[in-house]
Amino acid sequence: MSAAVTPSAAASVPNETWLRLRRYAPPLLIVVLWQLGASLGLIPTRTLASPAMIATTFAELIASGELPRHLLVSLGRVAAGLAIGITVGTTLALISGLSRRGEDLLDATLQMLRTLPFLALVPLFILWFGIGETPKIALVALGTTFPIYLMLFAGIRGVDAKLVEAGNTLGLNRREQVRHIVLPGALPSALVGLRYALGVAWLSLVVAEQINAESGIGYLVMTARDFLRTDIILVGLIVYAILGLSADQIVRLLERRVLAWRPSFLKD
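Its first residue numbered 335, the sequence shown is counted upward by one per residue in the working numbering.
Treat the hints with care, as some may be off.
Distance ranges between label pairs, derived from CB positions [claimed, not checked]:
#1 Phe463 x Leu382: 34 to 42 Å
#2 Ala454 x Glu499: 40 to 48 Å
#3 Pro360 x Arg435: 45 to 53 Å
#4 Glu437 x Thr381: 47 to 55 Å
It is worth saying that the hints were derived from the structure and are not from the lab. It should be emphasised that the depicted structure is a prediction, and the values quoted were computed from it without experimental measurement. The beta carbon of each residue, even a glycine, is placed where N, CA and C say it ideally should be.
All chains should be modelled from the sequences, with the hints used to inform the complete structure.
Listed below in structure tokens is the structure:
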């Protein structure tokens, strides 16, 4: 039996390698063509820096310590705003999701607020919070509150009614049902909301770091724009992309750990 399985398992390794290569082939091809176009003069490097220039600038910014310094500032703002957003969004979702009165009180107002554009809120946030760190963190917090609220609210309302009936049959009271049935059932949706919130956090930060900022990745990009340094601008965009992807992968790992009981996470 084991001899019959071994060749199949060995054959699957090249297939997995090929699938990974195929996944990364398109972006690598784009980079190669981009560099080739820049080298041949087809793409003006003044308006769009070449991959080689971007790599050189990336290394210089790291070596000088400028990129790590701005990165730490941006990470601090996102962490603070995200913590506030998760706390507020979770609280509002629990109030609305577990109570019809709570939904009537909060949901309509929150649905209106979440459609407001960030740029329109910047002048108000400056008037309310000044031009320091507070408006920047507040923008990130506001942006991350709504994905958490929407997904957790939907998760709470989407819990299987049969599970609730089973809880009633077992004699669970309201608090025990919420703890052992509703919250575990809503956890998958909450984690999806967290993934969305992390993406929105970085988008919010781009807007937030235009508010009289003196540090941060957004400040670095805005300063580079004034000097037409497309290489630095693209470095900043790449950093944003890497941070967003890394945050998403962390939540995926968290999902695999806390949702190991779900059939979709069972191994073959």
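Each hint tested on the structure:
no.	hint	in the structure
1	Phe463 x Leu382: 34 to 42 Å	holds, 37 Å
2	Ala454 x Glu499: 40 to 48 Å	holds, 46 Å
3	Pro360 x Arg435: 45 to 53 Å	holds, 51 Å
4	Glu437 x Thr381: 47 to 55 Å	holds, 51 Å
Hint violations for this structure: none, all hints satisfied.
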